[in-house]
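Asker: So the chains spell out like this:
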Amino acid sequence: QITLKESGPTLVKPTQTLTLTCTFSGFSLSTSGVGVGWIRQPPGKALEWLALIYWDDDERYSPSLKSRLTITKDTSKNQVVLTMTNMDPVDTATYYCAHRPYGSSWHHWGQGILVTVSS
Amino acid sequence: QSALTQPASVSGSPGQSITISCTGTNSDVGSSNLVSWYQQHPGKAPKLMIYEVSKRPSGVSNRFSGSKSGNTASLTISGLQAEDEADYYCCSYAGFSTPFVFGTGTKVTVL
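Protein sequences, first through last, are from chains F and D.
So in our numbering the end of the first sequence lands on 141, straight run, no missing numbers.
So in our numbering the end of the second sequence lands on 117, straight run, no missing numbers.
This is chain F alone, in the form it adopts within the complex (with noise of 0.2 Å):
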């Protein structure tokens, strides 16, 4: 059974910079093929894709976002790191990880963690 969930902070400030982790079980994150990701869905509004990090440490990023965001993965630990920086309040979401097995679509999901950017 394939499970992912995320942790973190649920509150943070402007400009401070935002770490996500997505802790994972029943895959290997070096089985090739495989991908991590990071989608976010702000209230009320539409899913976007983050970033993905590949079993071979390839990391791909939204480039609209590319600037402020880095994704790394602990393959020891099955788990993925999302940090993004200069939060601002636009950034408040539900932040999800998704288990990506080939090709481009996220076969399981986690629960989501709402972050709020707020002073």
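A couple of the hints might just be wrong.
Said to hold, decoys possible - Below 20 Å or equal to it, Euclidean Cα-Cα: the simulated EDC-like pairs (lysine to aspartate or glutamate) are:
| id | chain 1 | residue 1 | chain 2 | residue 2 |
| --- | --- | --- | --- | --- |
| 1 | D | Lys53 | D | Glu89 |
| 2 | D | Lys53 | F | Glu70 |
| 3 | F | Lys67 | D | Asp93 |
| 4 | D | Lys113 | F | Glu70 |
| 5 | F | Lys67 | D | Glu91 |
Derived by calculation from the structure, the hints in this document are not laboratory data.
Mind docking chain D on chain F? Use the hints.
Answerer: Just chain D now, kept in the frame of chain F:
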């Protein structure tokens, strides 16, 4: 990379069939068969319903089907049921540097 275009809302009566469109460009939807669809109930995480245009993951009802023509992908729900009332999002491969772009989302209402 712009979001894929979906109708804001689609509705149907129980038992009917509805189709949700997802329109992109030659650079995303039209460039490959890597289109997927997700169902999201309020307050819940999205759930994969269709991948690679028309494949269903294990456990997904065969009432859900997908297709693609040119730059437009479609999700059809047949035999509409109350439990199908949810938001639906398409997602497409959009190139080596931007492997994912989501649609604007469609709210499905069962009348």
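Asker: Sort out whether glutamate 70 (chain F) lies within 20 Å of lysine 113 (chain D), counting only the CA atoms.
Answerer: holds, 17 Å
Asker: Can you confirm whether the C-alpha distance between lysine 53 (chain D) and glutamate 70 (chain F) stays at or below 20 Å?
Answerer: The given pair, whose Cα atoms are some 15 Å apart, holds under the 20 Å limit.
Asker: With the threshold set at 20 Å, check whether the alpha-carbon distance from lysine 67 (chain F) to aspartate 93 (chain D) stays at or below it.
Answerer: holds, 11 Å
Asker: Can the restraint linking lysine 67 (chain F) and glutamate 91 (chain D) be considered satisfied, given a maximum Cα separation of 20 Å?
Answerer: The given pair, whose Cα atoms are some 17 Å apart, holds under the 20 Å limit.
Asker: Holds or violated: lysine 53 (chain D) and glutamate 89 (chain D), Cα atoms, limit 20 Å.
Answerer: Answer holds: lysine 53 (chain D) to glutamate 89 (chain D) is near 13 Å, not above 20 Å.
Violation of the numbered hints given earlier is absent; every hint is satisfied by the structure.
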